[in-house]
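Student: Chain by chain, the residues:
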Amino acid sequence: MQDISGSSSPSPPPGLTVELGRDRPVRLDCGVELGPLTVAYQTYGRLNAEKSNAILICHALTGDHYVADPHPITGKPGWWIDLVGPGRVFDTDRYFLICSNVLGGCMGTTGPMETNPATGKPWGLDFPVITIGDMVRVQARLVDYLGIDQLFCVVGGSMGGMQVLEWCKSFPERVFSAIPIAAAARHSAQNIAFHEVGRQAIVADPDWCDGKYLLEGKRPHRGLAVARMAAHITYLSEPALHQKFGRNLQNRDTVTYGFDADFQVESYLRHQGSAFVDRFDANSYLYITRAMDYFDLAAENSGVLANAFRGTRTRFCVISFSSDWLFPTSESRAVVHALNAVAANVSFVEVVSDKGHDAFLLDEPEFHATLTGFMEGAAAHRGLPRLGGTRP
Amino acid sequence: MMVIGTGNLRIDLKMIADMVEPGSRVLDVGCGEGALLDWLGQNKNVDGRGIELSMAGVSAAVAHGLSVIQGDADTDLKDYPSGAFDYVILSQTLQATYEPRTVLSNMLRIGRRAIVSFPNFGHWRVRLHLLLHGAMPVTDTLAYQWYDTPNIHFCTIRDFLNLCRELGIKVERSIALGSDGRALPIPGSEGIANLLAEQGLFVLSRA
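Chains as they are written, first to last, in our numbering: chain A, 21 to 412; chain B, 5 to 211.
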């Protein structure tokens with residue numbers, strides 16, 4: 021835990037990178053023109069001749085583009101390995117899958133950890149404050165670069181789902197179908213509050229050094245770990261925690277009358293926190309949580325969410341999980357109501373699960389069946405080969 | 005339980021399906037697993053959407069590639085814009101809504117036509133049951149006890165037609181159905197239907 025190796029940057033991770041925006045910088049919502057910038061991404065499957073089978077996967081707050089590859093730092097399987105692969109829900113034999121590390125991220129895409137070309141030093145807090153809209157703008161540049169006009173599907177959970185909705189608002193003609201999962205059209209006050217706890221934990225760590233920790237050869241590991249611990253609770257549910265740990269003690273028969281991790285749940289959270297700091301940058305955490313806080317599709321559209329989707333021809337499948345209290349079903353339902361108000365083509369399923377927000381990352385058969393069914397329906401309408409390889 | 009995708013449609017649903025013009029936009033309220041929507045999509049090239057209360061129904065429908073949302077007639081119809089559909093269908097559900105009057109009005113606001121079916125509380129067997137036993141009728145089409153029925157707003161065909169008149173709704177077609185869902189050879193909007201029909205099926209439009 022005390023391994024402070026801030027000066028050593030990780031070896032170049034596997035995957036692809038591209039430099040974008042050299043001729044035409046990306047104009048951010050805060051007014052800054054950013055470019056050139058690097059985007060790290062990964063693809064799976066093959067783009068067909070018509071370029072009509074591309075699916076963009078948008079990752080969540082602490083996710084990355086290693087959807088179905090082992091993570092280069094932790095070695096753990098890709099975060100959506102259950103869904104991405106030959107014959108899986110996102111069938112790599114039929115679809116061309118793209119996932120890029122978001123703007124502001126720390127796995128290869130330009131973000132506060134990367135070098136500011138103007139100073140030759142890490143950006144740190146000089147990095148401009150970004151929004152979900154900015155992330156999507158950069159993704160659209162990547163899709164341009166890949167030569168794809170229209171994505172067959174844009175899909176993502178949590179913050180990834182926010183990006184899906186943003187895509188549908190900003191580039192409606194480029195999205196044939198959209199699957200926002202466990203998401204919302206705005207970040208709630210409660211969610212902003214949880215993010216603020218995380219950010220305060222980071223900035224309260226003396227090793228944060230006013231955001232200049234990389235220059236000082238330090239890392240605010242303790243603050244970032246606490247931020248992760250608090251956030252991790254919000255990804256689960258009370259029943260899930262109870263089932264997994266109850267009040268069980270950790271490697272002991274009785275409480276110690278001290279502040280060690282007596283309970284299994286404490287030990288688990290500490291592990292989650294300490295494992296996280298190895299793979300994530302504290303400033304990235306500040307920037308990306310802020311981007312989520314700022315997200316409010318209705319506010320950008322005169323306070324009427326439906327205006328964000330007026331005239332849309334995208335096929336939507338909105339999915340929520342019954343025990344998700346971070347992005348509860350009511351938030352998804354608000355999106356559905358807005359889509360109904362513009363007579364959009366929308367499906368909506370609340371999957372019954374006790375696994376909380378994280379259910380979108382887990383093996384939930386009903387969730388997977390919903391995805392498969394929706395994708396098959398959309399593929400038929402798009403004229404893509406159906407399961408078994410025959411065209412409709 | 006309906007099995008979707010088999011090509012077989014329950015007889016009363018088939019009758020509804022036959023009334024829908026090919027290529028039209030249809031909202032099926034209380035669509036279950038989407039059997040009617042699926043049939044309409046496959047056979048009449050209909051752009052169909054569904055609303056269903058039960059999660060099991062919604063999951064099955066969406067997993068079958070249909071556009072169905074979890075919701076209900078009372079809460080979700082108000083969101084849709086006026087004139088969004090050619091037909092709004094409500095099969096065997098009107099009597100289970102909290103506000104049948106609002107539901108009907110909304111159906112005809114968002115749809116050019118509404119197709120509505122419901123169990124007829126004026127059927128002679130219902131009347132006789134109440135007369136002879138003095139207890140709430142339990143029949144094949146009304147197979148619940150009073151304390152566990154989801155049907156909270158029963159009406160007779162006459163009641164329904166009165167409400168349509170009150171709301172200025174035009175009744176384009178009336179069909180009297182027997183217990184098996186087959187049409188009876190009697191006029192659907194007259195007193196005889198109110199006595200002999202187990203269900204009523206109506207095509208409505210804005211007057």
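Simulated from the structure, these hints should not be mistaken for lab results.
Every residue, glycine too, gets a C-beta built ideally from N, C-alpha and C.
It is possible that some hints are incorrect.
[Claimed, not checked] Computed far set for chain A versus chain B, every beta-carbon distance over 12 Å:
{"#": "1", "residue": "G55"}
{"#": "2", "residue": "S72"}
{"#": "3", "residue": "R272"}
[Stated by the list, open to error] Computed beta-carbon distance windows for the label pairs:
{"#": "4", "chain 1": "A", "residue 1": "S342", "chain 2": "B", "residue 2": "S86", "range": "30 to 36 Å"}
{"#": "5", "chain 1": "B", "residue 1": "E25", "chain 2": "A", "residue 2": "K96", "range": "51 to 57 Å"}
{"#": "6", "chain 1": "B", "residue 1": "A187", "chain 2": "A", "residue 2": "S350", "range": "42 to 48 Å"}
{"#": "7", "chain 1": "B", "residue 1": "A60", "chain 2": "A", "residue 2": "S350", "range": "16 to 22 Å"}
{"#": "8", "chain 1": "A", "residue 1": "P90", "chain 2": "B", "residue 2": "M59", "range": "53 to 59 Å"}
{"#": "9", "chain 1": "A", "residue 1": "E70", "chain 2": "B", "residue 2": "M59", "range": "35 to 41 Å"}
{"#": "10", "chain 1": "A", "residue 1": "R267", "chain 2": "B", "residue 2": "Y148", "range": "42 to 48 Å"}
{"#": "11", "chain 1": "A", "residue 1": "K71", "chain 2": "B", "residue 2": "S86", "range": "34 to 40 Å"}
{"#": "12", "chain 1": "A", "residue 1": "E70", "chain 2": "B", "residue 2": "S58", "range": "34 to 40 Å"}
{"#": "13", "chain 1": "B", "residue 1": "R210", "chain 2": "A", "residue 2": "R42", "range": "54 to 60 Å"}
{"#": "14", "chain 1": "A", "residue 1": "H262", "chain 2": "B", "residue 2": "D152", "range": "29 to 35 Å"}
Student: Output the numbers, in ascending order, of every earlier hint that fails for this structure.
Tutor: 8
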